[in-house]
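Asker: Please build the complete structure, drawing on both the sequences and the hints.
There are 2 protein chains.
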Amino acid sequence: MNKKTKIGLFGFGVVGQGLYNILSQTDHFNAEVLKICVKNRHKSRPLPSERFTYDFKEILDDPEINLVVEVISDAREAYHIVTHALRHGKNVVTANKKMVAQNLKELIALQEEFGVSLTYEASSCGSIPIIRTLEEYFDNEPLHSIAGIFNGSSNFILSKIYNENLPYEAALKQAQVLGFAEADPELDVSGMDALNKLCIITAHGFGLAIPPHHIFNSGINNLHALDMAYAKAKGSKIKLLAMAHKVNSEQLIALVIPVMVHPDEDLYTVENEFNAVLVDAMFAGKQLFKGKGAGGFPTGAAILSDVSANFYEYRYTYKKRNNLKHTGNRLKYNPDFDIQVYIRYPQHMNLTAFLPVKDIIETGSDHHQQYVVGKVNLRNLLEQRNTLKQEKVFMMATHTSL
Amino acid sequence: MNKKTKIGLFGFGVVGQGLYNILSQTDHFNAEVLKICVKNRHKSRPLPSERFTYDFKEILDDPEINLVVEVISDAREAYHIVTHALRHGKNVVTANKKMVAQNLKELIALQEEFGVSLTYEASSCGSIPIIRTLEEYFDNEPLHSIAGIFNGSSNFILSKIYNENLPYEAALKQAQVLGFAEADPELDVSGMDALNKLCIITAHGFGLAIPPHHIFNSGINNLHALDMAYAKAKGSKIKLLAMAHKVNSEQLIALVIPVMVHPDEDLYTVENEFNAVLVDAMFAGKQLFKGKGAGGFPTGAAILSDVSANFYEYRYTYKKRNNLKHTGNRLKYNPDFDIQVYIRYPQHMNLTAFLPVKDIIETGSDHHQQYVVGKVNLRNLLEQRNTLKQEKVFMMATHTSL
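Read top to bottom, the protein sequences are chains A and B. Here the first sequence is numbered in our numbering, starting from 7 and rising by one per residue. Here the second sequence is numbered in our numbering, starting from 7 and rising by one per residue.
The set of hints was computed from the structure by calculation and includes no laboratory data. Certain hints may be false.
Given that identical chains are not distinguished, each listed pair holds provided it fits within a single copy or across any two copies.
[Claimed, not checked] Cross-link-like lysine to any residue pairs, in silico, SDA-like; alpha carbons within 25 Å at most:
no.	residue 1	residue 2
1	LYS325	GLN31
2	LYS111	LYS252
3	LYS9	LEU330
4	LYS238	LYS398
Answerer: What follows is the structure, given as structure tokens:
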């Protein structure tokens, strides 16, 4: 155990610098950053230029470097770096949720083939140790559901709108200034970022690696004052939730959608850049994990923890996935399920012509907009998501429990 | 990894039966209970008598048994069983917080000497994976504080009194009927149970193994309607909290005390048998972990997780403790610290004659009782705890933050 972790770091943005600062501020940490690979030669950096390289091979071919830490934002480049590093026999720590979610099956296979480890605690819910907890603590315990606030930036925006009556654009701007938003904020507010995390968490919690585009996601980018007023009138806040729910032993559903959350629920008090994960397990019952979901230090802390675990030769074993593969367990992802939603759409649109709404309990309209509250099928939502997006439809589930 | 975990189980009460039921209800779990050691030959049991033994050597001497799981309530007997098992080269999983807290230094030394593992996730906060998280996730990150609701039974009682206006005795009775209370409820309501857990958690979170009797604890057993009315008038609930707080790089304080918790705090909404742990870490920031803290299944789930980890040869490495020992870190437990408290005591008692109270901001009295709100020194409280107990004094901190 007296080997030292020598890190090749890719990326030196908010998270990369957060990690670098943590490593230099924490005592007794047996790791150092040997080289930092960045893209832009002309950007001014807070460290001497000899610490940087612009050629990713300089890190992959350096035999002294025994751990690659990847914290760049571009998912395609990250995929390139991570898969090359794994094939070069190097362990990797990444924070790139999009890259991990989109390539999970391949990344699991590469780890097995090359006997290396890829960990990505920082990819999901910032500083909350949710992947490790699902891997190590709930590895043998069947779960009923996992649900939560997985995107700190959109939660920050929703808090500002609800608590301070800020307009959407002003709230988004604040999130960007504070460093909570992704480089492309569309990822946050569309629910895509939460969706990527949901895919990763679902793989560890239920053993199913579902590609993100198979799961319906709806964000907060079309939120109007009208919708917020509706939620407030019902005594609830709007929170953007990611949810995976075992309907029965053979059916798992998953989605990302704004939800009307009521004051007696744990998620009601989760504000600003905080994330929270609710795990409902067969024996442990309901667990809540809450922590900072965005920002350089919380994400850096999660990466630090992966770096530390790497020192102790920790790796994911994907126990739930292996159990599913090697036993007669029939659990499958299947979006054929009705959920009750509030849908607000433009006056000119004939919503029900392409999206069947059942059990309608409420409708309303003003000059430009109308809304309906009723049940829709998740599969229909998936099929019609482009139309819903084009028409700037806003949708929210009326309850946390499905 | 195809060896099977063969368990010798000590104790078959609520928790032992919970574990047994989980092991027989969960698929794909590579563990079975070979023998169960119990004390009372004449009690009727839900399993055939050949599964039971009354001689603890039958388990310790059985070479087939590779894991001892100890879930009896008597701490002295548990100590006897666990230390013998460790000396016999057997790994042990225990749920006995009192035994672990009182003998932690010796138990750590035994693990090192005999190359065996002792894990005790179930000893602290039921189903919340707090020890594992401190060991593995926060192993290299300095913490500012750990605080929380560590005793499900007393939290249940406080919830019933606050929310349903139940008298103390009736609430305690309900906790006992529901199986949330320890065999001896005095352990719960006096804060002793929470204190034992605090000692264990402090060892993993800060590296200091403090014997329980060095830490001040005050419980809810002397709670009057008067005290509850005072807290309600200030807009707060009373929660029994355990807290360890780093005052500076050289001083750690720790205590168990009822606290006035305000509506904007996370712990305000933690009700009934739920436990919660707040961790404030240097980089990750504030984290909340909330889950069921009492009952056979939640505790069984935590034991199950230890059993599963044992299969993967997991053991605690006490990293923070080793860091403290091998570096120049000067952090020490030192109760010389003032906290602001509400103290309610009998009319006849001359409180300040033996307990100095500074910065008094409020006093009051009725025919039999009087109260004072001011600052007291933790060291004085420790010295006077027998007198406080004899006089049935009730005390609560006015704020969560110290």
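Asker: Each hint: holds or not?
Answerer: Going down the list of hints, with the structure as the test:
{"no.": "1", "hint": "LYS325 with GLN31", "in the structure": "between (35 Å within a copy, 18 Å between copies)"}
{"no.": "2", "hint": "LYS111 with LYS252", "in the structure": "within (21 Å within a copy, 44 Å between copies)"}
{"no.": "3", "hint": "LYS9 with LEU330", "in the structure": "between (37 Å within a copy, 20 Å between copies)"}
{"no.": "4", "hint": "LYS238 with LYS398", "in the structure": "within (21 Å within a copy, 47 Å between copies)"}
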